[in-house]
Amino acid sequence: MPENCPKCDAPDVSDEKCPRCGVIIPLYKVALAKFRRAIPADTPVAMPVMSPPDDASPAPAPESPGSRAAGPPAPRALAFHGRGGTLLGIHLVNVLLSIVTLGIFAFWGKVRVRRYLLSQSEFAGDRFAYHGTGGELLVGFLKVMLFFLPLTLLQVAAVLSGTPQALPVMQLVASLAVAVFVPIAIVGARRYRLSRTSWRGIRFGFDGATWAYVKLFWLSTLLMVLTLGFYYPIYHARSYAFLIAHSRFGTRVFGYDGQARAAFGPYLLAVLLALPTLGLSTLWYVAWRRRYYWGHTTFERARFRCTVTGGRLLGLWVVNVLLLLLTLGLAWPWVRVRNARFAFATLAIEGPLALDTIAQGSPAADATGDALSSFVGAGFEFGA
Amino acid sequence: VTARGHYLDGRTAARQAVTVQVVGAGIDIVFGDGHTARWPLGEIRQTQGRYAGEPVRLERAGGPEALLVDDPAFAVALADAGGHARRFHDPRRRRRRMLLTVLAAAGVLAAAVALHAWGIPALSGLAARWVPPAWEDRLGSAIVEHLAPPGRRCPGATGQAALDRITERLVRAAGPVPYRFRVVAVDVDVVNALAAPGGHVIVFRGLLERSASPEALAGVLAHEIQHVLYRHATRAILQHASTAIALTAVAGDASGAIGVALDGASVLGAMAYSRAHEAEADRAGMTLLLSAGVDPAGMIGFFDARDGAPPALVRYLSTHPPSAERVRALRALLPPEPRTFVPVLDEEAWAAVKGMCGPRRAYDRRAVSPESR
Chain W
-5 MPENCPKCDA
5 PDVSDEKCPR
15 CGVIIPLYKV
25 ALAKFRRAIP
35 ADTPVAMPVM
45 SPPDDASPAP
55 APESPGSRAA
65 GPPAPRALAF
75 HGRGGTLLGI
85 HLVNVLLSIV
95 TLGIFAFWGK
105 VRVRRYLLSQ
115 SEFAGDRFAY
125 HGTGGELLVG
135 FLKVMLFFLP
145 LTLLQVAAVL
155 SGTPQALPVM
165 QLVASLAVAV
175 FVPIAIVGAR
185 RYRLSRTSWR
195 GIRFGFDGAT
205 WAYVKLFWLS
215 TLLMVLTLGF
225 YYPIYHARSY
235 AFLIAHSRFG
245 TRVFGYDGQA
255 RAAFGPYLLA
265 VLLALPTLGL
275 STLWYVAWRR
285 RYYWGHTTFE
295 RARFRCTVTG
305 GRLLGLWVVN
315 VLLLLLTLGL
325 AWPWVRVRNA
335 RFAFATLAIE
345 GPLALDTIAQ
355 GSPAADATGD
365 ALSSFVGAGF
375 EFGA
Chain R
-1 VTARGHYLDG
9 RTAARQAVTV
19 QVVGAGIDIV
29 FGDGHTARWP
39 LGEIRQTQGR
49 YAGEPVRLER
59 AGGPEALLVD
69 DPAFAVALAD
79 AGGHARRFHD
89 PRRRRRRMLL
99 TVLAAAGVLA
109 AAVALHAWGI
119 PALSGLAARW
129 VPPAWEDRLG
139 SAIVEHLAPP
149 GRRCPGATGQ
159 AALDRITERL
169 VRAAGPVPYR
179 FRVVAVDVDV
189 VNALAAPGGH
199 VIVFRGLLER
209 SASPEALAGV
219 LAHEIQHVLY
229 RHATRAILQH
239 ASTAIALTAV
249 AGDASGAIGV
259 ALDGASVLGA
269 MAYSRAHEAE
279 ADRAGMTLLL
289 SAGVDPAGMI
299 GFFDARDGAP
309 PALVRYLSTH
319 PPSAERVRAL
329 RALLPPEPRT
339 FVPVLDEEAW
349 AAVKGMCGPR
359 RAYDRRAVSP
369 ESR
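Residue numbers (my numbering), protein chains in the order written: chain W, -5 to 378; chain R, -1 to 371.
Quick caveat, the hints were computed from the structure, so don't treat them as lab data. Heads up, none of these hints are tricks.
Just so you have them, the derived chain R footprint on chain W, three or more residues with Cβ under 8 Å:
| no. | segment |
| --- | --- |
| 1 | 89 to 100 |
| 2 | 105 to 113 |
| 3 | 188 to 202 |
Restraint-style ranges between C-beta atoms, simulated for each label pair:
| no. | chain 1 | residue 1 | chain 2 | residue 2 | range |
| --- | --- | --- | --- | --- | --- |
| 4 | W | Gly129 | R | Gly22 | 31 to 39 Å |
| 5 | W | Trp212 | R | Arg94 | 47 to 55 Å |
| 6 | R | Gly291 | W | Thr321 | 53 to 61 Å |
| 7 | R | Glu323 | W | Leu267 | 48 to 56 Å |
| 8 | W | Thr321 | R | Arg84 | 30 to 38 Å |
Just so it is clear, the structure is predicted and the values come from calculations on it, not from any experiment. Ideal placement from N, C-alpha and C gives every residue a C-beta, glycine not left out.
Start from the sequences and build out the full structure, keeping to the hints where you can.
Okay, here's the thing in structure tokens:
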């Protein structure tokens, strides 16, 4: 219904977005309403809300005093509650059951780990949830196996049939197949994992076209070869931009307004300082990268802010390495928990955020990409 | 039990404060506006709340709705309502579950040790018996092709003939064998020899040049021939592959399986024998030497030379049992009364063997050296 823009008063705006000042009208109204505290926040928004969300109630809910800020500009807290001991226990049980079931349980075990890690992650007082199933993972695995198993068997056959000359050719074919699948696996794993992750009942999702990412990946690989690796930071930034800008929560897409070329300077500095600092300058580049990437990542009108520094990353890293060395690697669940805690503690989201109005999107993705990623070693890192 | 919780309708990210109550065969959810929804227990799945500090999350079958209750008393009431079917997680059982986890840890450790120490070796030993010699031969050819490409083989024809003579004499003493034995000398300066499946034996330049006598070399060859006859290499390969597959299965990470596929020849070449296999080959090699009428003093001397030996020799011995123990075991096999032995090679043939790799040149040790695998 055409009306005047509430911000700049442009006449007859029929779209959600005002053509003159660019403001998203429903969101602006929600923010305005909350700011004034005059009218209930849930009336004039894009999606009909079933009943008054407790976020908008005038007084803070008594059962969670102070856990969630009432005004829109306050940063929303992220927290990770997981414990290394529990994670280790989950893994131990998984290994035992996997041995007993000849490996079949491993898929269900993977689900247990993912579910634990997400269930222990909290944003604005609510925990995330994981919805994948072991059956899905098994089917994905079998599909990928259908392709890779013949490649393996052909090599064995080549040796046993007395034609080992064919072996190098087949290995080349297998290597190429793995390489071809790397970008497909990166996108596929992300699509699957996000579609199985929810917060407050709303699923995340990824809508990037696989083909677009494959093109980006291979073009970048070519440029990296041509520039002797100096294209790497640009590739990484462009890859991140693609992956984040096609990710969504419910129906709303994340935004990214960073410049890929901005990463070149810090990277060059890290490379130049790598020798005198024994490679530790990499940590400062990684910290810069995380700050920059997150600082240019938006959701609606809110913006992420990452406060990681090279020094803090170094502190985390030194303790992690010591833990692993002293326990012969047994401490890795604790390392994983420390990393997640660190990542969450250094991340905040700031600005107006009308979460209650976000509607469910379409959850559609199968686990083939996820299985593929475990074959070609292209992971979807949790908490990174 | 009445508890406060939150209801998610799965359509928007808004959450609604509700009161929840366990009533006999279901739970009642009372909304702020007063209306009540009943979820039958049979339609409820618990997806969170297994671990301490985690609120209970219930999802209704076939829909996106979820209910969050952060109240241990509710969890207990729900578990009781679920009854013996253990539909819902009971927080009172956490202690017991932790104990079970510790037991599982002990179980994992025991299973891993048993599998590594007995399970996999026993299974690969069994499986190796069923591998046809023709397959072993082709597998061995592939390994030799990889470790000793024709360009790196020692060219001396007289030396090769002498090597073949020693081999033939030893193999004849072993009786009828299912393999055709071939010895290949490789121009790599390490004191080493190895047996690939199917009768392929590789000796390296360093071994030829630094063996004190033809008898010492014959001792090493007898040892390698017994590795082949006992199918140690085939077993080692099966063991390696099945360990990789087992680890992959347990870890649920398929990249290991692909690694095996990609490694191809290098995996085929990964043959580290166990101490037990080495001792077996030592013993049987000694028997073979004696029945071929070769003086075993050379073989014993070769292993005895460990003290003060050049580094390369130490390296050869380091993959084998401690040499003092080894020499003791070999001496125990010596016949009580002195015997007469037939020399293995004459001076001229031995010189041909020692020089069969041609004059020394700058080696590229990285290319085929077995240590670099």
